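**Q** Quick note on numbering: the sequence shown equals residues 63 to 155 in the numbering used here.
Just so you know, the hints here were simulated from the structure itself, not pulled from any lab data.
Bear in mind the structure is a predicted one, so any value in this text is a computation, not a measurement.
Treat the hints with care, since some could be wrong.
[Stated by the list, open to error] Computed beta-carbon distance windows for the label pairs:
hint, residue 1, residue 2, range
1, E134, M87, 24 to 34 Å
2, R144, L96, 34 to 44 Å
3, A113, V142, 35 to 45 Å
4, V139, Q101, 28 to 38 Å
5, V139, T99, 16 to 26 Å
6, R144, V90, 34 to 44 Å
7, A150, V129, 29 to 39 Å
8, D91, E141, 19 to 29 Å
9, G123, L76, 22 to 32 Å
10, G86, A116, 20 to 30 Å
[Stated by the list, open to error] Simulated crosslink set (DSBU-like; lysine-lysine; CA at most 35 Å straight-line):
hint, residue 1, residue 2
11, K145, K108
12, K94, K108
13, K88, K108
14, K94, K115
15, K145, K115
16, K94, K145
17, K147, K88
18, K94, K111
19, K108, K147
20, K147, K115
21, K88, K115
22, K147, K94
23, K111, K88
In this text, a Cβ means the ideal position worked out from N, Cα and C, and glycines have one as well.
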Amino acid sequence: MEAAASTRMTQHVLDGARMVLVDGMKAVDAAKLLDMTPQQLQGAIKRIKAAHKAGQGTPEGWECVTVCVPPELVETVREVGRKAKRDAGLSVD
């Protein structure tokens, strides 16, 4: 939720976003608990995701994904990401 720190949102809204992004709750359910509309919460989530993407230096049109793989494939998956960045002329961490 580091990306959320770069946004100007109330703690109430950040709590709702955390329920969805970190805890896995459905946006509709989190919004109901916090007396918000689902649209308000989805807007906040969209802004947080955009801040996260900008903070990572992700190029326009690229997607961030999270995958679960066996330990022996972790380095292979990371190398795919590094190669894509190198091929796009980006710095590799």
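**Q** Each hint needs a verdict: does it hold in this structure or not?
**A** Consistency of the hints with the structure:
no.: 1; hint: E134 / M87: 24 to 34 Å; verdict: 33 Å, holds
no.: 2; hint: R144 / L96: 34 to 44 Å; verdict: 39 Å, holds
no.: 3; hint: A113 / V142: 35 to 45 Å; verdict: 25 Å, violated
no.: 4; hint: V139 / Q101: 28 to 38 Å; verdict: 35 Å, holds
no.: 5; hint: V139 / T99: 16 to 26 Å; verdict: 37 Å, violated
no.: 6; hint: R144 / V90: 34 to 44 Å; verdict: 38 Å, holds
no.: 7; hint: A150 / V129: 29 to 39 Å; verdict: 20 Å, violated
no.: 8; hint: D91 / E141: 19 to 29 Å; verdict: 38 Å, violated
no.: 9; hint: G123 / L76: 22 to 32 Å; verdict: 28 Å, holds
no.: 10; hint: G86 / A116: 20 to 30 Å; verdict: 24 Å, holds
no.: 11; hint: K145 / K108; verdict: 28 Å, holds
no.: 12; hint: K94 / K108; verdict: 18 Å, holds
no.: 13; hint: K88 / K108; verdict: 14 Å, holds
no.: 14; hint: K94 / K115; verdict: 27 Å, holds
no.: 15; hint: K145 / K115; verdict: 19 Å, holds
no.: 16; hint: K94 / K145; verdict: 43 Å, violated
no.: 17; hint: K147 / K88; verdict: 33 Å, holds
no.: 18; hint: K94 / K111; verdict: 21 Å, holds
no.: 19; hint: K108 / K147; verdict: 24 Å, holds
no.: 20; hint: K147 / K115; verdict: 14 Å, holds
no.: 21; hint: K88 / K115; verdict: 22 Å, holds
no.: 22; hint: K147 / K94; verdict: 40 Å, violated
no.: 23; hint: K111 / K88; verdict: 16 Å, holds
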